[in-house]
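> First to last, the sequence lines map onto chains W and U.
Just so we're aligned, residue 85 is where the first sequence starts under this note's numbering, counting upward by one.
Just so we're aligned, residue -3 is where the second sequence starts under this note's numbering, counting upward by one.
Treat each hint with caution, since some may be false.
Restraint-style ranges between C-beta atoms, simulated for each label pair [stated by the list, open to error]:
| hint | chain 1 | residue 1 | chain 2 | residue 2 | range |
| --- | --- | --- | --- | --- | --- |
| 1 | U | 22 | W | 97 | 35 to 45 Å |
| 2 | W | 96 | U | 49 | 15 to 25 Å |
| 3 | W | 97 | U | 10 | 41 to 51 Å |
| 4 | U | 4 | W | 186 | 16 to 26 Å |
Keeping only pairs whose Cα atoms sit at most 16 Å apart, straight-line, the calculated EDC-like set for lysine to aspartate or glutamate is [to be verified]:
| hint | chain 1 | residue 1 | chain 2 | residue 2 |
| --- | --- | --- | --- | --- |
| 5 | U | 101 | W | 128 |
| 6 | U | 45 | W | 186 |
| 7 | U | 57 | U | 16 |
| 8 | U | 101 | U | 84 |
| 9 | U | 45 | U | 62 |
| 10 | U | 57 | U | 11 |
Keep in mind that the hints were calculated from the coordinates and are not lab data.
Since the structure is predicted, the reported quantities are computational estimates derived from the model, not experimental observations.
Built from N, CA and C at the ideal position, the CB exists for glycine as well.
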Amino acid sequence: DTGVSQDPRHKITKRGQNVTFRCDPISEHNRLYWYRQTLGQGPEFLTYFQNEAQLEKSRLLSDRFSAERPKGSFSTLEIQRTEQGDSAMYLCASSSGGSYNEQFFGPGTRLTVL
Amino acid sequence: AQSVSQHNHHVILSEAASLELGCNYSYGGTVNLFWYVQYPGQHLQLLLKYFSGDPLVKGIKGFEAEFIKSKFSFNLRKPSVQWSDTAEYFCAVRSQAGTALIFGKGTTLSVSS
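Next comes chain W alone, as it looks inside the complex:
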């Protein structure tokens, strides 16, 4: 399968713990996006990378959240000191450069904070 992959698919953690998610984009895509989706809502944008540069961050991305894309390939999203309100599906998407390109989504990581 050459689509976007995410790991893990499910994560259960206790409040206050740190968690890290990984996203592997489609190999030739230089743009990578993170979104968060809570129950009954559409995906909400968190952050965007072009190659290794993080170019845009949403106000939803509090100080407890950090994302990296060190070599312009895979990306990680870390949440420190998790809170119950962080429980959500975390989606990764990638696209090639240019204004007319579709974002391809991964299967998501479902986070449950107890």
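With chain W held as given, fit chain U onto it using these hints.
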């Protein structure tokens, strides 16, 4: 700020019925518009998109959408739904200069056979 409204939260249809899902957006400038679909247990995938040109766009699986600029709308249609169209449908907008997609809350479509 941009926003997207999807008027129907849950739509229930019988097979062969016609479908129209409403989507309105708020943004004064030039936008790109999208409909994504999420079948049960699957990833979000693109149904169709509008960037410019003919306001009636055709997508996969017999879906189409019409961009009406004066109404800030991009409604999704299908003349005859099938049981396999049961899914959640999301409308999304992106400003022409932007990168992030702004999604509506989604519409769940249930089709009975």
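> Range hint 15 to 25 Å: satisfied by the CB atoms of residue 96 of chain W and residue 49 of chain U?
Violated - the Cβ-Cβ distance for residue 96 of chain W and residue 49 of chain U, about 47 Å, lies outside 15 to 25 Å.
> Hey, residue 101 of chain U versus residue 84 of chain U, does the alpha-carbon distance stay inside 16 Å?
This hinted pair holds, its Cα atoms lying about 10 Å apart.
> Taken at face value, is the distance from the CA of residue 186 of chain W to the CA of residue 45 of chain U at most 16 Å?
holds (8 Å)
> Against the range 41 to 51 Å, how does the distance between the Cβ atoms of residue 97 of chain W and residue 10 of chain U compare: consistent or not?
holds (43 Å)
> So the hint says 35 to 45 Å: do the beta-carbon atoms of residue 22 of chain U and residue 97 of chain W match that?
holds (37 Å)
> Against the 16 Å threshold, does the CA-CA distance of residue 57 of chain U and residue 16 of chain U hold or violate the hint?
holds (15 Å)
> What's the verdict on residue 101 of chain U and residue 128 of chain W, does the C-alpha distance respect the 16 Å limit or exceed it?
Satisfied, since the Cα-Cα distance of roughly 10 Å is no more than 16 Å.
> With the threshold set at 16 Å, check whether the alpha-carbon distance from residue 57 of chain U to residue 11 of chain U stays at or below it.
holds (15 Å)
> Is 16 to 26 Å respected by the C-beta to C-beta distance linking residue 4 of chain U and residue 186 of chain W?
Between residue 4 of chain U and residue 186 of chain W, where Cβ atoms are some 24 Å apart, the hint holds.
> Given the proposed pairing of residue 45 of chain U with residue 62 of chain U, does the C-alpha separation stay at or below 16 Å?
holds (10 Å)
Of the numbered hints listed earlier, the single one contradicted by the structure is hint 2.
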